[in-house]
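Colleague: Given next are the chains, with one letter for each unit.
2 protein chains.
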Amino acid sequence: MGSRFWPYSRQAMPKQFIDFLGTGRSLLQLTVDRLEGIVPPENIIMLTNEQYSSIVQEQLPQIKPDQILLEPVRRNTAPCNAWAAWHIKSLNPDAKIMVAPSDHLILKHEDFKASVVRAFEFLEKNENSIVTFGVKPNRPETGYGYIQEGTHVDEFFSKVKTFTEKPDKELANVFLETGEFYWNSGMFFWGVDTIINAMREYAPEISDLFDHANMFYGTPQEQEFINEHYIECPNISIDYAVMEKAPCVFVEKVDFGWSDLGTWGSVYDNSPKNRDGNVTPGTRVLAFESNNNVIAARGDKLVVVSGLNGYIVADTPDALLIVPKNDEQKIKNYVNEAKTHFGDKYL
Amino acid sequence: MGSRFWPYSRQAMPKQFIDFLGTGRSLLQLTVDRLEGIVPPENIIMLTNEQYSSIVQEQLPQIKPDQILLEPVRRNTAPCNAWAAWHIKSLNPDAKIMVAPSDHLILKHEDFKASVVRAFEFLEKNENSIVTFGVKPNRPETGYGYIQEGTHVDEFFSKVKTFTEKPDKELANVFLETGEFYWNSGMFFWGVDTIINAMREYAPEISDLFDHANMFYGTPQEQEFINEHYIECPNISIDYAVMEKAPCVFVEKVDFGWSDLGTWGSVYDNSPKNRDGNVTPGTRVLAFESNNNVIAARGDKLVVVSGLNGYIVADTPDALLIVPKNDEQKIKNYVNEAKTHFGDKYL
Numbered sequence: 001m002g003s004r005f006w007p008y009s010r011q012a013m014p015k016q017f018i019d020f021l022g023t024g025r026s027l028l029q030l031t032v033d034r035l036e037g038i039v040p041p042e043n044i045i046m047l048t049n050e051q052y053s054s055i056v057q058e059q060l061p062q063i064k065p066d067q068i069l070l071e072p073v074r075r076n077t078a079p080c081n082a083w084a085a086w087h088i089k090s091l092n093p094d095a096k097i098m099v100a101p102s103d104h105l106i107l108k109h110e111d112f113k114a115s116v117v118r119a120f121e122f123l124e125k126n127e128n129s130i131v132t133f134g135v136k137p138n139r140p141e142t143g144y145g146y147i148q149e150g151t152h153v154d155e156f157f158s159k160v161k162t163f164t165e166k167p168d169k170e171l172a173n174v175f176l177e178t179g180e181f182y183w184n185s186g187m188f189f190w191g192v193d194t195i196i197n198a199m200r201e202y203a204p205e206i207s208d209l210f211d212h213a214n215m216f217y218g219t220p221q222e223q224e225f226i227n228e229h230y231i232e233c234p235n236i237s238i239d240y241a242v243m244e245k246a247p248c249v250f251v252e253k254v255d256f257g258w259s260d261l262g263t264w265g266s267v268y269d270n271s272p273k274n275r276d277g278n279v280t281p282g283t284r285v286l287a288f289e290s291n292n293n294v295i296a297a298r299g300d301k302l303v304v305v306s307g308l309n310g311y312i313v314a315d316t317p318d319a320l321l322i323v324p325k326n327d328e329q330k331i332k333n334y335v336n337e338a339k340t341h342f343g344d345k346y347l
Numbered sequence: 001m002g003s004r005f006w007p008y009s010r011q012a013m014p015k016q017f018i019d020f021l022g023t024g025r026s027l028l029q030l031t032v033d034r035l036e037g038i039v040p041p042e043n044i045i046m047l048t049n050e051q052y053s054s055i056v057q058e059q060l061p062q063i064k065p066d067q068i069l070l071e072p073v074r075r076n077t078a079p080c081n082a083w084a085a086w087h088i089k090s091l092n093p094d095a096k097i098m099v100a101p102s103d104h105l106i107l108k109h110e111d112f113k114a115s116v117v118r119a120f121e122f123l124e125k126n127e128n129s130i131v132t133f134g135v136k137p138n139r140p141e142t143g144y145g146y147i148q149e150g151t152h153v154d155e156f157f158s159k160v161k162t163f164t165e166k167p168d169k170e171l172a173n174v175f176l177e178t179g180e181f182y183w184n185s186g187m188f189f190w191g192v193d194t195i196i197n198a199m200r201e202y203a204p205e206i207s208d209l210f211d212h213a214n215m216f217y218g219t220p221q222e223q224e225f226i227n228e229h230y231i232e233c234p235n236i237s238i239d240y241a242v243m244e245k246a247p248c249v250f251v252e253k254v255d256f257g258w259s260d261l262g263t264w265g266s267v268y269d270n271s272p273k274n275r276d277g278n279v280t281p282g283t284r285v286l287a288f289e290s291n292n293n294v295i296a297a298r299g300d301k302l303v304v305v306s307g308l309n310g311y312i313v314a315d316t317p318d319a320l321l322i323v324p325k326n327d328e329q330k331i332k333n334y335v336n337e338a339k340t341h342f343g344d345k346y347l
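Chains as they are written, first to last, in our numbering: chain A, 1 to 347; chain B, 1 to 347.
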């Protein structure tokens, strides 16, 4: 729902549905694509807000409607992970679950697959464990949460010592220097019973609700129940509700070219550059004396730029944004300004 | 047909058909609008290339099809003025003609009307005279032709001494300093017989052709004759063919806020500025730390710019141009480059 990619992302078409890299596949589609060979399509469960139901079905025709769980309201990541767990338990009480955000970028697919396989193997060997991917940081990023590793289990896995919210610049530098801190990627692995029991212990307000619906999972009453009661869930993240409190949480240290692709700047950083240093994802661009821009337009629109350096140019049929890359944090203010002047028209 | 306003102007939609000022009226419509009260609509004859016939009829529903003379090929301004004269003679052998280019800007309509009325009155009083509007120059413009005035007739009119092509900067400065030189606006006034006789004397290759068709004017055979023979006309301007040679040419010195609106820069110079110095003709713009730009988009497209100074931003559904105002002379090169890469698609 963020406005950081406006006008490319909109309320009705948020980031995960957009093809930022010009590959012809949205971030959501890429997320499903890279699970090929690891998770059979019929074992994928999508959780999304009900307003995005048709976009998901359109972008992922291989996912059947009964694999899509529709949240009637937003309640952050703890309630939706709870729903997923209880729902999956009704399909397979021994299931192991991977939680994969749909709006992240992963560049090295083979390394990613190896990491995923390793995490599932770890769950098999270590009963009741929870695994979270910790991405090796390469810069003192203040936009991510961090995981501090404790006791090493082996080359790849360590016990988690602490979860830390987004740090300030100084602290992020300390994190980077110690070598003990990893970016929290928001990707988790757990067994159905492990997460359900953890919820019962650390988030009973949520588990009570989902336990009450045990007779409904897998029936038409499931969605009815959710539509009526999901709103009663506390609005709380899975990190805060469970991960920070559960005892058997392990971090798998991974390095597969991950980005949460949170800004145009990260699209720029993570995309191949033209000879002139411009990033033009899937866009017809003629650039003259113009360098280090990210220029994105839809379809076969031609963008001609001259004497433009270090800008974001993002064009859609009804809105065009031109802003220096260094000012990208102001985009949300501009979107607010647009709302002030024109209401919801361009949101 | 120029590419200087690309992507706003196109081969299929040249400058005169475009609403550059965001008034809701194209330059062509504004040209007809400002003749209101001087020339009855039924006395207006349009000359245009046949490919623009439908655009003219769409933009000017008050002009009947038989008032539109369609050139099958481009032959510059002498042949089309000849056709107009012979055609009008068949309607009214005593007609006085005003020639008004359709793609110029005039800001002060009342002053313009007074000047037009004065020119027609001059024709009535001075048989066989030709009047041309000379615009008082306010800068050493190298993009216009100049008219040097000779003997003064009265406060407003002088005999023309010379017509001069576009000067270099040095000469343009001299022109400005002497106070004897006026911009050639391309607007002319003459009686039907005056121009026809001048053609017969100075451009017999053209007059012979049109004299041969005397039995056709006002009949369905007129357009047939033109379609077959217009191509035989020499490709020559009215200035070169007649004005520079005819003896009784007078300049009326005018000052009504004229521009041939030849570049985005002249659109900028001639348009009202926002508080921040931006010109945004009919366009929804939110400008942050952005000054002295001309920003044009179609319909209700929203353009958000930040940290942009002195640029042209011209957006259309299939092409977007961003170029510093100071580099506007390069636009035609960019259009050529687009042609090299993509053929006629964006022309």
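Keep in mind the hints are simulated off the structure, nothing from the lab. Warning: the hint list may mix true and false statements.
Identical copies carry no separate label here, and so any pair may be met within one copy or between two of them.
As the list claims (entries may be wrong) - Straight-line alpha carbon distances no greater than 16 Å define the calculated EDC-like cross-link-like pairs of lysine to aspartate or glutamate that follow:
id, residue 1, residue 2
1, Lys330, Glu289
2, Lys339, Glu180
3, Lys339, Asp300
4, Lys245, Glu228
Since we're looking at a predicted model, the values are computed, not measured.
Colleague: Each hint should be assessed against the structure and marked as holding or not.
Modeller: Each hint, compared with the structure:
{"no.": "1", "hint": "Lys330 / Glu289", "in the structure": "between (26 Å within a copy, 12 Å between copies)"}
{"no.": "2", "hint": "Lys339 / Glu180", "in the structure": "neither (43 Å within a copy, 55 Å between copies)"}
{"no.": "3", "hint": "Lys339 / Asp300", "in the structure": "between (29 Å within a copy, 15 Å between copies)"}
{"no.": "4", "hint": "Lys245 / Glu228", "in the structure": "neither (29 Å within a copy, 90 Å between copies)"}
The structure shown violates the earlier hints numbered 2 and 4.
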